[in-house]
Structures are given as structure tokens and as C-alpha cells.
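Participant: The listed protein sequences correspond, in order, to chains V and C.
Going from the first sequence to our numbering is simple: count from 1 and add 4.
Going from the second sequence to our numbering is simple: count from 1 and add 2.
Hints may contain errors.
To be verified - Taking lysine to aspartate or glutamate pairs in the DMTMM-like style, the calculated list, with each CA pair at most 20 Å apart, reads:
hint, chain 1, residue 1, chain 2, residue 2
1, V, K356, V, E346
2, V, K190, C, D35
3, V, K356, V, E340
4, V, K190, C, D34
5, V, K579, V, E594
6, V, K190, C, E4
To be verified - Cβ pair distances, simulated, as ranges:
hint, chain 1, residue 1, chain 2, residue 2, range
7, V, M310, C, V20, 16 to 26 Å
8, V, L368, C, E37, 23 to 33 Å
9, C, Q32, V, A224, 39 to 49 Å
10, V, Q339, C, E37, 41 to 51 Å
11, V, Q159, C, I12, 39 to 49 Å
12, C, V25, V, Q339, 28 to 38 Å
13, C, V20, V, A806, 43 to 53 Å
14, V, W460, C, A5, 41 to 51 Å
What the hints assert, rightly or not - Beyond 12 Å from chain C on every Cβ pair, some chain V residues (computed):
hint, residue
15, T71
16, L88
17, E110
18, E116
19, W232
20, G286
21, R306
22, D520
23, L571
24, A599
None of these hints come from the bench; they were simulated from the model.
Even for Gly, the Cβ is constructed at its ideal location relative to N, Cα and C.
The primary structure of each chain is shown beneath.
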Amino acid sequence: MAGVNEEHGEAVPGAAACFHCGLPVPAGSHYTVTIDGQAQTLCCVGCQAVAQAIVDNDLLDFYRLRTRDSQRAAALVPEELKQLRVYDSGLMQRSFVRHHDQDVREAALILEGIVCAACVWLNEHHVQQLPGVLAFRVNYSTHRATLQWDNRRIQLSEVLAAIAAIGYRAHPFDPGRMESLQQREKSAALRRIAVAGLGMMQVMMMAAALYIGAASDMEAGMRQFLRWVSLIMVTPVVFYADWPFFQGAWRDLRRLRPGMDVPVALALGGAYLASVWATVSGSGEVYFDSVSMFSFFLLSGRYLEMQARHKAGQVAEALVKLLPASASRIRGGQQEVVAVAELEPGDQVLVKPGETVPADGTVLEGVSHVNEALLTGESLPRLKQPGDAVVGGTLNMDSPLRLRLERVGADTVLAGITRLLDRAQAEKPALARLADRVASWFVLFILLLAAAVYGWWHFHDPEQAFWITLSVLVVTCPCALSLATPAAITVATGRLTALGVLTTRGHALETLARADQLVFDKTGTLTRGELVVTAIKVAEGQDALQLRNLAAGLEQASEHPLARALLAFGPEPVKLSALVSQPGQGVEGEYQGQALRLGTRDFVAALAGAGMDVSAAESAVPGATAVFLGSRQQWLATFYLQDRAREEAGAVVRELQQLGVGVHLLSGDNEAAVVQLAQALDIPSFHARQLPDTKLAFVRTLQEQGAVVAMVGDGVNDAPVLAQAQVSLAMGQGAQLAQASADMILLSENLSLLPTAIRLARRMQGVIRQNLFWALGYNLLAIPLAASGMLPPWMAALGMSASSLLVVANALRLRNG
Amino acid sequence: MEALFMLIPIAIGVMIVVVIAFVYTVRSGQYDDLEGPAWRILMDDDDPLVPHKRPKPGKSPGE
Numbered sequence: 005m006a007g008v009n010e011e012h013g014e015a016v017p018g019a020a021a022c023f024h025c026g027l028p029v030p031a032g033s034h035y036t037v038t039i040d041g042q043a044q045t046l047c048c049v050g051c052q053a054v055a056q057a058i059v060d061n062d063l064l065d066f067y068r069l070r071t072r073d074s075q076r077a078a079a080l081v082p083e084e085l086k087q088l089r090v091y092d093s094g095l096m097q098r099s100f101v102r103h104h105d106q107d108v109r110e111a112a113l114i115l116e117g118i119v120c121a122a123c124v125w126l127n128e129h130h131v132q133q134l135p136g137v138l139a140f141r142v143n144y145s146t147h148r149a150t151l152q153w154d155n156r157r158i159q160l161s162e163v164l165a166a167i168a169a170i171g172y173r174a175h176p177f178d179p180g181r182m183e184s185l186q187q188r189e190k191s192a193a194l195r196r197i198a199v200a201g202l203g204m205m206q207v208m209m210m211a212a213a214l215y216i217g218a219a220s221d222m223e224a225g226m227r228q229f230l231r232w233v234s235l236i237m238v239t240p241v242v243f244y245a246d247w248p249f250f251q252g253a254w255r256d257l258r259r260l261r262p263g264m265d266v267p268v269a270l271a272l273g274g275a276y277l278a279s280v281w282a283t284v285s286g287s288g289e290v291y292f293d294s295v296s297m298f299s300f301f302l303l304s305g306r307y308l309e310m311q312a313r314h315k316a317g318q319v320a321e322a323l324v325k326l327l328p329a330s331a332s333r334i335r336g337g338q339q340e341v342v343a344v345a346e347l348e349p350g351d352q353v354l355v356k357p358g359e360t361v362p363a364d365g366t367v368l369e370g371v372s373h374v375n376e377a378l379l380t381g382e383s384l385p386r387l388k389q390p391g392d393a394v395v396g397g398t399l400n401m402d403s404p405l406r407l408r409l410e411r412v413g414a415d416t417v418l419a420g421i422t423r424l425l426d427r428a429q430a431e432k433p434a435l436a437r438l439a440d441r442v443a444s445w446f447v448l449f450i451l452l453l454a455a456a457v458y459g460w461w462h463f464h465d466p467e468q469a470f471w472i473t474l475s476v477l478v479v480t481c482p483c484a485l486s487l488a489t490p491a492a493i494t495v496a497t498g499r500l501t502a503l504g505v506l507t508t509r510g511h512a513l514e515t516l517a518r519a520d521q522l523v524f525d526k527t528g529t530l531t532r533g534e535l536v537v538t539a540i541k542v543a544e545g546q547d548a549l550q551l552r553n554l555a556a557g558l559e560q561a562s563e564h565p566l567a568r569a570l571l572a573f574g575p576e577p578v579k580l581s582a583l584v585s586q587p588g589q590g591v592e593g594e595y596q597g598q599a600l601r602l603g604t605r606d607f608v609a610a611l612a613g614a615g616m617d618v619s620a621a622e623s624a625v626p627g628a629t630a631v632f633l634g635s636r637q638q639w640l641a642t643f644y645l646q647d648r649a650r651e652e653a654g655a656v657v658r659e660l661q662q663l664g665v666g667v668h669l670l671s672g673d674n675e676a677a678v679v680q681l682a683q684a685l686d687i688p689s690f691h692a693r694q695l696p697d698t699k700l701a702f703v704r705t706l707q708e709q710g711a712v713v714a715m716v717g718d719g720v721n722d723a724p725v726l727a728q729a730q731v732s733l734a735m736g737q738g739a740q741l742a743q744a745s746a747d748m749i750l751l752s753e754n755l756s757l758l759p760t761a762i763r764l765a766r767r768m769q770g771v772i773r774q775n776l777f778w779a780l781g782y783n784l785l786a787i788p789l790a791a792s793g794m795l796p797p798w799m800a801a802l803g804m805s806a807s808s809l810l811v812v813a814n815a816l817r818l819r820n821g
Numbered sequence: 003m004e005a006l007f008m009l010i011p012i013a014i015g016v017m018i019v020v021v022i023a024f025v026y027t028v029r030s031g032q033y034d035d036l037e038g039p040a041w042r043i044l045m046d047d048d049d050p051l052v053p054h055k056r057p058k059p060g061k062s063p064g065e
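In isolation and in its complexed conformation, chain C is listed as follows (with noise of 0.2 Å):
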């Protein structure tokens, strides 16, 4: 049980730590926009990876 004397102070350091990390995200814009990079990751291109259709460029489908 004693170790908790201890073990709480260090739960309060760790928590002004979180604050000041959070603050900083706020700062740097992370939170600017909430829904985009979700998305985002969804439509990296990773195409050069995966060999498939693709039409050839230079040759554009016209009407």
C-alpha cells in the first residue's frame, strides 16, 4: 500500500505532462481539422506498389 505514496505524484507528473503535450497539439493546429486525415489515410496511394489497371497516360479516353 505504501507504494502508492509514490505511485499517485507520479500519476500527477504524468498527467502535466499529457496537459502540456495536449496544449501543444492544439497550438500546432492538430486539432484544425477533426475529420479529414481519417479519410486521408484511406486514399494514400499506395498504387505504385499494387500492379493493376490503369489506363496508360498519354492515351486519354475521349468522348
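Isolated chain V (complex conformation) (with noise of 0.2 Å):
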């Protein structure tokens, strides 16, 4: 008897990278793609798809422009294909198309995958060289597209297979009111911006000479002069530009809850109205520069957080996208396509194989496959059958099913989960809320300290009383003190989001940085949630190669991950006649006139009958899936499946720990798989059979011994887990559910990105500090200054702005390193 045959072993530390996406290629891995007469390795066959559909489109220049790796591309499934002539429908266009005239039509998409510059590239070459294409357009930023075509000699499915063929995801989308709301608060806070930084240079070209003019002296007609010029510049800085924070100000004042706001406007309305008066009367110091100046930091640094605000609202639209935008309604026996907002709970609707369920019901008839890896991480299809609940958003794997709906819209469990998400970014972050709760005890402070100021100097010379409690109020501007750590989380987060890192709250950076206990979920976290076969056992006298063959030949027209894994293993798969897919059992064919089947164990026995011997065990390799293969004589053989780690994996848990980061494994598997992981990556401790509340108690329980806990999770079914602990990171490609409730995201499927955020975070950390520590420094020492008159105004504005510029250029420091 044959023993167990190490085929398709575990990848060699040390690997080729895959010459599309970088990953390390599995070791005995066959895809290759010849690219200027030299034959690159690639390790999958999605990859090697899409290499060759950019070989095969002369668009080779894109390998050697871009800055960073391709995302993993997946295979394509013919049935998603299938999927994608639903948006040739007018009815479906509806939503999402304009219409120039009655052919050439216009839509918006979502593209997923773009990773750098030369992705849009890609993308825009490959479809502008489509015929009937008239515009395609990449916004880069955003990583959503334009397309204009003509109806007549393309089709909307057309080009979105093309994007697919070269690797990447679109999606048609409505930008709706959300986002018109965002671009036109977008747009509204460039037009301050300019104000204030045109305002800004022009008055301080005035100061110069005014400040000159003071050395030298000036003819008091060409200085009344030039501050009434700078009188007019600064009036629309102040009443345009800055109005959002008198409006901010006086919403705090009449809810009783003094934040930043209150002493900005403060600073802002008595710098200016006290250098209005000193340019009317003649007479006094103008601060006209200070003002502009202080105007022009604070709306950049407020439009920089804007920005990272908008795009983490991104990911929550991407979940919208998850549905599908028709369904089939049986009626009356009667289908019909009708969009999924016209449906009602109560109405039946058939979804084929491929599609994705449109909204949570029970099925009444037909078995089948449903991925809901985006709902709850399982990366295995679950098997649906009469009287099972299915819930929308899922996809349909292998054959139709016809479901009565129970919830639809707003009611669904995507509705919810999507809700949560929106409230999530709603609030706002922890640190945020300390530095105003913190500002207003700070503006009551000076609030007091001014007026304490102006009653001393009143009763002693009534002559400098103003100007003294302007210095004061101008040199107490919580300035620095109020850019120290916004600018230092702005630049943290916008450096982590170019390396693929979303940081979705404010709080997450900061709690990342204290977090010293790291638990791992096992599924699709430390590996790489794929099915990939590790083993083969094969009957005596057989060809291993060739029963690979014939596997993968039997399941060429199946969806499952199983399949897709036994399709990988067999480099030319035969081909056979008759193949019949039994969901949830296997699938069967014929091969020179010789049926054969291939699934679980009771499946191929009913066939191979007595020809199934004890040999063909299900359990020789430890925690592997085994798939049998046999024919009517005999069993052929037992293929063994098994989700494997990351490659970098190993890396990553060393580098945690050496980072004084404690490394926890809990999993939902079986004792095998997890203990084989764990030994694995070297992590000491681990637990199996966990389930949710488990898992919740042992974050608890180290969270009582003091710990702050980090959670890595990819699932919704971690939810709960992933709120318990003080900062979670989801991890996933596109629009994984996941990321609703996760504080941050992994953009990318690599790992090792994790060591590096917690650094990252741990240094802005340490900018804060720094930060805070000078602006309060500086406000301590400048204070008892200019309350004893001791500091001119114009000294005071010098030392405020010197300030601010240095905690910004402190905080811009995070950006190497």
C-alpha cells in the first residue's frame, strides 16, 4: 500500500515571490508566464491569468512602472462572469447610469485592488483600447473610475470582465447623497483654504514692512496705510474662512461645553477687533498676520482630518455594494427580474448558482453550497437545504435555490451590521474627547486668568490694561496645544493607509501603541483561509499524476473551494463526459466509459463498494479534509486538504514578541489543526474548540491580570470578541464584513504589516508626548510673560505661531522612518 505521498508540502522559508502579487510561491507550484523571453513564476493560477491577459495586451510597461505588488488575484469563476451580464439591464442601469443620449451612456465604478499608481495605469490603457469605449478615467485617490461607452458596440459586462481579466474589481455604484454631501463639504473647505493662505501671504508681506518700518522709522501715513490694506485682506480670512469656528464656538457656548472651538474664535474675534480698533484709532499694534496666519494652520490641518474622516467612510459604502441590485421574483409561477428595493417579505425569489442572496429568508426548495465567508469568516460553504435560514449577501455556490424572503431592506442582517459601522465612525474617537473635555476646563482657565489679568492691570496703569490681556488671550491660544495631537494621529494614519493599513478610529493608533497581549483568531488569520491539497494517498499500481489529472477534470465545473483546490493540484486536467455535481456529496463522470466519482467517503463507497478498503482512511493526516476518488472496481485514492499558514506568519510572531507583545492563538478548530499551527509559528499559548463566549471570557480574564488586548480577527462571528477587546484589527480583501466592527484593517493580505503598525503607533506615541509637552511648556512660561506686560503682543503671536509650526513639523517626522 502506497503511504502518504508529501506532494504538495508546505512552502520553503526563503520561497520565490510571485512575480504578480509578491506572495511567496508554494513550493511545487507549475504557473508560469514567459515575459520578455523569461519565464517568471507565479503562485496561483488567478495570477497567472492575469499576467498573461497583460502579456497577451502588450501592457508590459505596467511590471516595470509600479512601486508595489499586485493584490492577490483570484481566480476567475466563469459563473461570476455570468454575474456580471445582470448590469446590461436597462432595469438594473436605472440606478446607476446617466444617459448622454440614447446610446452613449456614462456610469461610475468602484475599483478594487488598485495598489499603486501604475495600477491605474493599467486599467485605463487596457479599457481604453477597448472598441466602443469613449472615456475611461482612474481617480487614484479615491480608486473609482468614469466610464463612457457606447451602448451599441459594448456591453457594461464587457468591460467590467475585461477589469477582471487583468485582476482587479469593479463595481457600479451610486454615488448618491452621501457622497455629493462629502464633495460639496470637500470643496467648501478648499475654497477657505485658499482664502486664508492667500490672505495669509498678502498680510504677511504687509507685517514685513510694518515690522521694518518699526526699525527704521516709518511716515505715519504710509503705516496707516499699509494696516488698513492689511485691515481689508484679512476681512474675508476672518469672516469667509474662519466662520466655521465662530459657528463651532457659539454652538459650544449655548450647549454649555466650551471645546477647542470656543478659545480659537476667541483668539481669532479679539485679535482682530482689537487690531481694527489700534487701525481706526491709529493707534496700538495690529496682529492682522497673526490672525491670517493662525487661520491658514488650522484649516489645513482640519482638512487633512477631513480627508482621512472621508475615506474611512469609503470602506462602509463598499459594504452597500455586497448586494445584489435585482433578484428573480417568482410570481404566480412567473419570473421576473425586479430590483432588489422592490422586493416585499413574503415574496418568493430563485437565485441561481453564483448569484448572491438579496435579502434574509428561509429556503423552500433546492440544496446547494452557500459561501457566507463574507458574514462569518467560515471560509467553507455551508450546505442549505429546505427550512435553512439564508441571509442576504451570501453567495450561491452550486445550484438554484428558491427562497421566500422574511427580511428585506433595512431589516436584513447586512442593514444592521452596515448601521453599526456608520455609528462606529460616527463617534468620535476617545482622545479627541479627552483633548476637549481637557480644553474646556483649559478655556474656562483663561477665561479667568484674562479677565484676573485686566482687573490687576486696570487698578495699576488703565493705559496698558487692553493690550496686556490681549497678549495674554493671544499668547494662551490653545494653538499648539490643540494641533499637537490631531496633526500627530493625521500623519500616523495617512502614513499606515499608504502601507495598507485603515485606521477607521480615532482611538485605535493610540490604544495599538499600549496594547501588550495580541490574540490571533485562527481562520483566514494566520493562514491563509484556502483550502490547498497538502497530501495524496493513492491505491497500489496507480499513477498519483494521473489521478490528479482526472480529479481535476471532474471538478472543472465546480465552485467549491474543495474543487478549486483539487483543480490547482492537477496541471492538465482530463477530460471527462457526463460530470454530475450532488451538492453537498461530490461530484461524478465518466472517463473512457468508466464512471468515477469523487467526494466524501459514504459517496464514492456507494460506487467503489467493496473496493473500499481500510486504507483509505479519512484521518492519516491530522486535521486535513480528505476527498476520496473511486470508480465502480476500486478506491483510487484520498486526496488530504488543509488550510495552511502564512508564509510570513512565523515572522510575524517573532517580531511581536520581540516587541514585549504577548502572542495568543483561539480557535473554533479541532485540536489537531490548531496544535499543528501553534508549533508551527512557535506560539506557546493556544486554545481549540473556542466559541464565542469563551473566547470573550479569555480576553476578559487577561484583561483583568491588567493586559491591554489587541484582537486579529476576520469575521463578523468575532464581533463580539473584537468590541471586548480595547483596540481590533480586522484583516481581508475588498468588502469583507469584517471590517465593520474592526478598529483598523489590513488592507492587504500580508502580515507582517501588523509589527509594523504597532511600531508606528508606538512612536506617534511618543510625538504626542512630545507635542504636549511643548505646547504646555510653552503656555506656562508664555503666560506669567504676558500677564506682567513683560511680552509685547507681537512677541506673543511670534512665539505662538513658532510653536505650532514646530509641533506640526515634529509631527511630520512619522512620516519616514
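Join the two chains into one complex using the hints; note that each chain is given alone, in its own frame.
Facilitator: Structure below.
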């Protein structure tokens, strides 16, 4: 009897990187593409197809131009391509297509998989060369594209398929209300910055003349003229550009909860009014330069913050596209295509293989596998039979299902998750809340102090009282203080986003910096979430290669993840006839007149009968799923499929431990699989067969011991645990629902971003501390000087500006290194 | 020095023109993508002008 034959083993450390996506190529991989006369190795069939498409379309410059590796391309499934055709119907296009005339149409697309500027180049060139495409332009910042095409010459689905062929996914979307709201907010912010910036430059020029004039002696007429000109130029800055600060301050005051806007508005308003008075009366000092500069800095900071917020919002929007926009409704025995919005509870719908379930319901008829990976993180599809509940947004894999809908629209599970995400994003980060609380005390303190200073000087030197009070207000303006934290967070968030780590909540980075325990949820975090044949056992006298090809041939038409693994395992799939798929059991087919079965033990035994012997053991490889192949005479082979650890996982675990972070592994999987993984990766603390509540208890115990826990998960099924941990990270591609409840998202599948993020978060923490220390130190030093009248207001303004600049420059250090 | 009494108002006029121009650029969407164009110019196709090795179209290299 043949032994277990390790044909497709673990990847060797230091294995070659995939030419397309840069992930390590598994040992024994046979995917290559000839590029510039050289054979390049690729990690999977998806990457191979994409690289071949790029070569065939003469777009090789992409590989020369790109600055980062592409995302791993998932193999295209015929069903998915078929599904794209739904977008061609006029009914569907109503919601997202604009008509220029009868046939020239325009649509907005979300592009998934854009990692660098060369991706934009590749997409634009590939799509523009399609006949019938009139214009195609990709926005690199937002990963959105606008497409204009002639409907007589090309269909939308063909364009989408062309984009899929080069390894990207495009989804039509309806920009909608949210989008235009953000657009308006952004353009208003830009206009305000422009006004403040231009005003600042002009006023600075006048200010330089005035300062020099004060040193040499300028004639009074010229001085007055320059002051009046400055006044004219600063007025639009204060009344237009700074308007949001005054609005915010007024709102805060009415609610009696003064925030940062109050001292900002007070300082701006005070300095402006005092300068106006000085100009009109021709006495004292003017601070127009400080007013305009302060405005410009603050507006720029807020603009950057706003952009980070919008970026996070776009992730939420990506979830919406999970739902199909149309469904086939069955009414009175007739099938009709209707928009999902028109569905009602009680309706019966037909979901074909490859289609997404439109709403939550129950199966009435049909047996099929449904992929719930997006909702549960479960990599294997679940078998659904009549009476089972299915959830909207999940993918039907292998045969038609008739459903009765129970909940539609806003009542569905998916809608609930989207709402949660919205709420999470609307809530203010804890650090900002703290800054606000501190600010309200600080403001109160400043106001009392200013009043006291004014009172004291009023009795001692009434001439000076106003100017000294103003000095105090200007010098205490919490400009540096209010920039200290946001500047550092903005820069760090921006850098992480560029690396592929999205921060959805403000507190995430700050908490991540303090995290000392990190808990992995096994499925899909440490493993690739994709099955691979790790071992094969063949009957005596059989040719292993031939059996591999037979298995691949049998699985040719199937979509099951097991099938994909087997398909990838056979180098040259054999053509078979009479292929029949038995949901939940396996596939049957004929080869040279001989019936073959591939699937579960019972399914194959029913054909092979007594030929099936004990050697076809199910548990020969611990933790593996066994798939059997048999003919009418005998059992032929057993394939063992396993989810493998990510290549970089071991190094990441070691690095985390070096950073002083304890690593734990919690998993719902069986003991054997978890032990194997934990030993392979050198994780001392691991627990198998964990349920959501035992996971929760584990995290709580850690926290009771005073640990700050970071949790890395990949599914909504860990939502409670992710919420219990102080900071949560999710990983995945595209619009995985797991992202819903996580504070941070690793956009690429590269685990090594984890230690990078922790290191950056710690550096950010350091910068914030330095900034706060400096800002407070400066205020504490300057206030007594100003209050005692030793600091003229212009010097106060200079100090204030210098301290803000220093804080921003310090934060910018986070961009490098 | 008297020239300033004329030059500075002109400067204010120029500033107003610049603000109007900027508002126009914002409205016409030129700030929608701040990263893309910087890269786009580097990836312009000047290949037809530069004779160099390119795989002949039609003869696509296979596996």
C-alpha cells in the first residue's frame, strides 16, 4: 500500500516571490508566464491568468512602472462572469447610469485592487483600447472610475469582465447623497483654505514692511495705509474662512460645553477686533498677520482630518455593493427580474448559482452550498436545505435555490452591520473627546485668567490693561495644544493608509501603541483561508499524476473551494463526460466509459462498494479534510486538503514577541489543526474548540490581569470578541464584512504590516507626548511673561506661531522611517 | 514710495482674480484626485517615438 505522499508540501522559507503579487510561491507550484523571454513563476492560477492577460494585451510596462506588488488575483469563475451580465439590463442600469443620448452612457465604478499608480495606468490603457469605450478615467485617490461607453458597440458587462481579466474588480455604484455631501464639504474647505492662504501671504508682506518700518522710522501716513490694506485683506479671511470656528464656538457655548473652537474663536475674534480698533484709532499694535496665519494652519489641519474621515467612510460604502441590485422574483409561477428595493417580505425569489442572495429568507426548494465567508469568516461553504435560513449578501455556489424572503432592506442582517459601522464612525475618537474635555477646562481657566489680568492692570496701569490682556489671550491661544494630537494622528494615519492599514477609529492607534497582548483568531488570520492539497494517498499500482488530472477534470465545473484546490492540483485536467454534481456529496463523471466519483467517503463507497478498504482512512493526516476518488471497481486515491499558515506568519509572531507583545491563538477549529499551527509558528498560548463566549471570557481574563488586548479577527462571528478587546484589527480583501466592527483594517493580506503598525503607533504616541509637553511648557512659560506685561503682543504672536510650526514639523517626522 | 499707493491696490485686485480662479478649479473637479496626475505624467506613452524592444503584437508569449 502506498504511503502518504507529500507532494504538495509547505512552502519552503525563502521561496521565490510571485512575479505578480509578491507573495511567496508554494513549493511545487507550476504556474509560469513568459515575460520578455524569461519564464516568471507565479503563486496561483489567478495570478497566472492575470499576468498572461497583461502580456497578451501588450501592457508589460505595468510591471516596469509599478512601485508595489499587486494584490493576489482570485481565479475568475465563469459564474461570476455570468453574473456581470445582470448589469446590462436597462432596469438595473436605471439606478447608476447616466444617459448622454440613447446609446452613449456613463457610469461610476468602484475599483478594487488598486495599490499603486501603475494600476491606474494599467486599467486606463486596458479599458480604453476596448472598442466602444469612449472615456475611462480612474481617480487614484478614491479608487473610483468614470466610464463612458457606446452601448451599440460594447456592453457594460464586457468592460467589467475586461477589468476582471487583469486582476481588478469593478463594481458599478450609485454615488448617491452621501457622496455629494462629502464633495460639497470638501470643496467648501478648499475654498476656505485658499482664501486664508492667499490672505496670509499678502498680509505677511504688509507685516514685514510694518516690522521693518517700526525699526527704521516709517512715516505715519504710510504705516496707516499698510494697516488699512491689511485690514481689508484679513476681513474675508475672518468672516469667510474662519466662519466654521465661530459657528462651532457659538454652538459649544449654547450647549455650555466649551470645546477647542471657543478659545480659537476668542483669540481670532479678539485679535481681529483689537487690530481693527488699533487701525481705526491709529494707536497700539495690529495682529493681522497672526490672525491669517493661525487661520491657515488650523484650516489645513482640519482639511487633512476631514480627508481621513471621508476615506474611512468609503469603506462603509463598499459594503453596500455586496447586495445584488436585482433579483428574480417568482409570482404566480412566472419569473420576473425586479430591483432589490422592490422586494417585500413573503416574496419568493430564485437564486441561481453564482448569484448573491438578495435578502434574508428561508430555503423552500433546492439544496446548495452557500458561501457565508463575508459574514462569518467561515472559509468553507455551508450546505443549505429546505427550511434553512440564508442571509442576504451571501453567495450561492452550486445549484438554484428558491427562497421565501423574511426580512428585506433595512431589516436585514447586512443592513444592521452597515448601521453599526456608520455609528462607529460617527462617534468621536476617545482621544479627541479627552482633548475636548481638557480644552473646556483650559478655556475656563484662560477666561478667568484674562479677566484677572485685566482687573489687576486696570487698577495699576489702565493705559496698558487692554494690550496686556490681549497678549495673554493671544499667547494662551491653544493653537499648538489643539494641533499637538490631531497633527500626529493625521500623519500616522496617512502613513498607515499608504502602507495598506486603514484606521477607522481615532482611538485605534493610541490604544494599539499600549497593547501588550495580541490575540489571533485562527481562521483566515494566520492561515491563508484557502485549502490546498497537502498530501495524497493512492491505491497500489495507480499513477498519482494521472489521478490528480482525473480529479481536476471532475472538478472542472465546480465552484466549491475544495474543487478549486483539486483543480489547482492537477497540472493537465482530463476531459470527462457526463459530469453530475451532487451538492454536499461530490461529483460524478465518466472517463473512457468508466464511471468515477470524487467526494465524501460515503458517496464514493456507494460506487466503489467493497473495493473501498480501510486504507482509505479519513484521518491519516491530522487536521485535514479528506476527499476520495473511486471507480466502480475500487477506491483509487484520497486527497488531503488543508488550510496552510501564511508564509510570513512565523516571522511576524517572532517580531511581535520581540516588541514585548504576548501572542495568543484562539480558534474554533479542532485540537489537531490548532496544535499543528501553534507549534509551526511557535505560539506558546493556544486554545482550540473555542466558542464566541469562551473567546470573550479569555479576553476578559487577560484584561482583568491588566493587559491591553489587541484582537486580530476576520469575521463578523468574532464581533463580540473584537468589541471586548481594547483595539481590534481585521484583515481581508475587498469588502469583507469583518471590517464592520474593527478599529483597524489590514487591506492587504500581508501579516507583516501588524508589527509595522504597532511600531508606528508607538512612535506616534511618543510624538504626541513631546508635542503636548512642548505646547503646555510653552504656555506655562509665556503666560506669566504676558500677564506681567513683559511680552509685547507681537512677540506673543510670533511665539504662538513658532510653537504651532514646531508641533506640526515634529508630527511630520512620522512620515519617514 | 508713492508708487505703493497704486501697486498695493493692484495687488489686491490680483488676489481677487486668483481667488476666483481657484474657486473655478475647485468647482471643475481639479482637486478631486491629488495623487494621480503626478504619476500619470510619468507613465505617458511615448513608446511609439522611442524605438526599443517590444514584444511583437500577435505573437504573444505563452506558458
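Participant: A separate judgement is required for each hint: does it hold in the structure or not?
Facilitator: Now the hints, each set against the structure:
The straight-line distance between the Cα atoms of K356/V and E346/V is roughly 19 Å, inside the 20 Å bound, and the hint therefore holds. In summary, the hint linking K190/V to D35/C is supported, as the alpha carbons are separated by about 12 Å, within the 20 Å threshold. For the given pair, K356/V sits about 13 Å from E340/V by alpha-carbon distance, which is consistent with the 20 Å threshold. Taking the CA atoms of K190/V and D34/C, the gap is near 9 Å; set against the 20 Å cutoff, the hint holds.
Simply put, K579/V and E594/V have alpha-carbon atoms about 9 Å apart, close enough for the 20 Å limit, and the pair holds. In summary, the hint linking K190/V to E4/C is not supported, as the alpha carbons are separated by about 42 Å, beyond the 20 Å threshold. With their beta carbons about 23 Å apart, M310/V and V20/C fall inside the hinted range of 16 to 26 Å. Checked against the hint of 23 to 33 Å, the C-beta distance between L368/V and E37/C comes to roughly 50 Å, which is inconsistent with it.
Between Q32/C and A224/V the CB atoms are about 45 Å apart, so this pair conforms to the stated range of 39 to 49 Å. In this structure, Q339/V and E37/C meet the distance hint of 41 to 51 Å, their C-beta atoms being roughly 46 Å apart. The hinted window of 39 to 49 Å between Q159/V and I12/C is violated, with their beta carbons roughly 58 Å apart. A hinted range of 28 to 38 Å is violated for the C-beta pair V25/C and Q339/V, which are about 53 Å apart.
At about 28 Å, the CB distance of V20/C to A806/V disagrees with the hint of 43 to 53 Å. Remark: the range hint 41 to 51 Å for W460/V to A5/C is upheld by a beta-carbon distance near 47 Å. Distance check for T71/V against chain C: the nearest CB is about 9 Å away, which does not clear 12 Å, and the non-interface claim fails. For L88/V, the requirement that its beta carbon stay farther than 12 Å from each beta carbon of chain C is met, with the minimum near 25 Å.
E110/V, annotated as away from the interface, keeps every beta carbon of chain C farther than 12 Å; the closest lies near 14 Å. Distance check for E116/V against chain C: the nearest CB is about 17 Å away, which clears 12 Å, and the non-interface claim stands. Against the 12 Å criterion, W232/V falls within the reach of chain C, whose nearest CB is about 10 Å from its own CB. Look at G286/V: its CB is around 18 Å from the nearest CB on chain C, clear of 12 Å, so calling it non-interface holds up.
Against the 12 Å criterion, R306/V stays outside the reach of chain C, whose nearest CB is about 16 Å from its own CB. For D520/V, the non-interface assignment is confirmed: its Cβ lies about 36 Å from the closest Cβ of chain C, beyond the 12 Å cut-off. Every CB of chain C is more than 12 Å from the CB of L571/V (nearest about 16 Å), matching its label as outside the interface. Its beta-carbon lying about 32 Å from the closest one in chain C, A599/V satisfies the requirement of being farther than 12 Å from that chain.
Of the hints listed earlier, those the structure fails to meet are numbers 6, 8, 11, 12, 13, 15 and 19, in rising order.
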